[in-house]
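Using the sequences and the hints given, assemble the complete structure.
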Amino acid sequence: EPEVTQTPSHQVTQMGQEVILRCVPISNHLYFYWYRQILGQKVEFLVSFYNNEISEKSEIFDDQFSVERPDGSNFTLKIRSTKLEDSAMYFCASTLGIYRTNQPQHFGDGTRLSIL
Amino acid sequence: DQQVKQNSPSLSVQEGRISILNCDYTNSMFDYFLWYKKYPAEGPTFLISISSIKDKNEDGRFTVFLNKSAKHLSLHIVPSQPGDSAVYFCAASGSTGNQFYFGTGTSLTVIP
Chain F
39 EPEVTQTPSH
49 QVTQMGQEVI
59 LRCVPISNHL
69 YFYWYRQILG
79 QKVEFLVSFY
89 NNEISEKSEI
99 FDDQFSVERP
109 DGSNFTLKIR
119 STKLEDSAMY
129 FCASTLGIYR
139 TNQPQHFGDG
149 TRLSIL
Chain D
58 DQQVKQNSPS
68 LSVQEGRISI
78 LNCDYTNSMF
88 DYFLWYKKYP
98 AEGPTFLISI
108 SSIKDKNEDG
118 RFTVFLNKSA
128 KHLSLHIVPS
138 QPGDSAVYFC
148 AASGSTGNQF
158 YFGTGTSLTV
168 IP
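So the protein lines, in turn, are chains F and D. For the first sequence, the positions run 39 to 154 when my numbering is used. For the second sequence, the positions run 58 to 169 when my numbering is used.
Source of the hints: derived by calculation from the structure; they are not laboratory data. Keep in mind it's a predicted model, so treat the numbers as computed, not measured. Each hint should be verified, as a subset may be incorrect.
[To be verified] Below 27 Å or equal to it, Euclidean Cα-Cα: the simulated DSSO-like pairs (lysine-lysine) are:
1. 111/D x 128/D
2. 128/D x 62/D
3. 113/D x 95/F
4. 113/D x 128/D
5. 80/F x 125/D
6. 62/D x 111/D
7. 128/D x 80/F
8. 125/D x 113/D
9. 62/D x 95/F
10. 80/F x 62/D
11. 95/F x 121/F
12. 116/F x 111/D
13. 125/D x 62/D
14. 121/F x 80/F
15. 111/D x 125/D
[Said to hold, decoys possible] Cβ-Cβ distance ranges computed for the label pairs, FRET-style:
16. 78/F x 69/D: 15 to 23 Å
17. 166/D x 109/F: 41 to 49 Å
18. 114/F x 69/D: 27 to 35 Å
19. 98/D x 58/F: 18 to 26 Å
20. 168/D x 52/F: 42 to 50 Å
21. 104/F x 135/D: 19 to 27 Å
22. 84/D x 154/F: 34 to 42 Å
23. 111/D x 58/F: 38 to 46 Å
24. 89/F x 84/D: 21 to 29 Å
[Said to hold, decoys possible] Heads up, incomplete: computed chain F residues facing chain D, CB under 8 Å, no partners named:
25. 54
26. 69
27. 80
28. 81
29. 93
30. 94
31. 99
32. 103
33. 125
34. 129
35. 144
36. 146
37. 148
Note that the Cβ used here is the ideal one computed from N, Cα and C, for glycine as well.
Okay, here's the thing in structure tokens:
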């Protein structure tokens, strides 16, 4: 069964440094998402991406965050200047359907980001 | 702003018995609901979903019930198996957008 893959599985970065988290969504999926889960808390939506542009973003997704689909397969999340509170599990997800069709999101196994 | 709530952080059930996991939501615009299962060090795995036009959806041992008037859904697992031990997340989305709102999860332990 096709999977969403994320790399690296664990990223340790100094505060203030830039970090790029990478995802390869399922190949025929059209919608891509980033979520994060701070330890012990709920999974929180960050951003959705469709047709090479952001379709929705949460208040968490401020100017320090950006997303990109640099080629036909990768979907990246960049944090420009990391803060301690950015430490979390970051999950990438993708969906087959177009906007507002009821389709489950398929998640990768996440990247644990640790900011020192 | 917790639009999706799972008030039980944990649940223990004997193998073979029924597990019932509960979820409440506040946003009446939600019209699509899902349950995800998560093992440690893995991402959430889709389990079962239900749209607001139905009140029940069944898939093997898993059944989701939706009570729109109470803004409540539940996941029934019967019979429960030790491999079902995981964290279960309820999620919802609505006509206002395509993002999913997740609950805080319920950790299910099925005791052999």
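How the hints compare with the structure:
1. 111/D x 128/D: It holds: about 13 Å lies between the C-alpha atoms, which stays within 27 Å.
2. 128/D x 62/D: Holds - the C-alpha atoms of residue 62/D and residue 128/D are around 11 Å apart, at most 27 Å.
3. 113/D x 95/F: 31 Å, violated
4. 113/D x 128/D: 14 Å, holds
5. 80/F x 125/D: Holds - the C-alpha atoms of residue 125/D and residue 80/F are around 23 Å apart, at most 27 Å.
6. 62/D x 111/D: Roughly 21 Å separates the two Cα atoms, so the pair holds.
7. 128/D x 80/F: Holds. Residue 128/D to residue 80/F sits at ~19 Å (cutoff 27 Å).
8. 125/D x 113/D: 11 Å, holds
9. 62/D x 95/F: 21 Å, holds
10. 80/F x 62/D: 10 Å, holds
11. 95/F x 121/F: Judged against 27 Å, a Cα distance of about 19 Å means the pair holds.
12. 116/F x 111/D: Status violated; Cα separation ~40 Å.
13. 125/D x 62/D: Between residue 125/D and residue 62/D the Cα gap is close to 15 Å, so the pair holds against 27 Å.
14. 121/F x 80/F: Holds: residue 121/F and residue 80/F sit about 19 Å apart, inside 27 Å.
15. 111/D x 125/D: With Cα atoms ~9 Å apart, residue 111/D and residue 125/D stay inside 27 Å; holds.
16. 78/F x 69/D: 15 to 23 Å: 20 Å, holds
17. 166/D x 109/F: 41 to 49 Å: For residue 109/F against residue 166/D, whose Cβ atoms are near 43 Å apart, the range 41 to 49 Å holds.
18. 114/F x 69/D: 27 to 35 Å: Since residue 114/F and residue 69/D have Cβ atoms about 40 Å apart, the given range 27 to 35 Å is violated.
19. 98/D x 58/F: 18 to 26 Å: 21 Å, holds
20. 168/D x 52/F: 42 to 50 Å: 44 Å, holds
21. 104/F x 135/D: 19 to 27 Å: Given range 19 to 27 Å: violated, Cβ gap about 46 Å.
22. 84/D x 154/F: 34 to 42 Å: 38 Å, holds
23. 111/D x 58/F: 38 to 46 Å: Since the Cβ atoms of residue 111/D and residue 58/F sit about 41 Å apart, the hinted range of 38 to 46 Å holds.
24. 89/F x 84/D: 21 to 29 Å: 26 Å, holds
25. 54: 28 Å, violated
26. 69: The hint holds - residue 69/F has a Cβ within 8 Å of chain D, the shortest such distance being about 7 Å.
27. 80: For residue 80/F, the interface hint holds, since the closest Cβ of chain D sits about 4 Å away, which is under 8 Å.
28. 81: Hint holds; residue 81/F Cβ to chain D Cβ min 4 Å, cut 8 Å.
29. 93: 7 Å, holds
30. 94: 5 Å, holds
31. 99: Not OK, violated: residue 99/F not within 8 Å of chain D, min 11 Å.
32. 103: It is violated, given that the least Cβ distance between residue 103/F and chain D is near 15 Å, above 8 Å.
33. 125: Nearest chain D Cβ about 16 Å off; hint violated.
34. 129: 5 Å, holds
35. 144: 7 Å, holds
36. 146: 5 Å, holds
37. 148: 5 Å, holds
Figure legend: structure checked against the earlier numbered hints; hints not met, in rising order: 3, 12, 18, 21, 25, 31, 32, 33.
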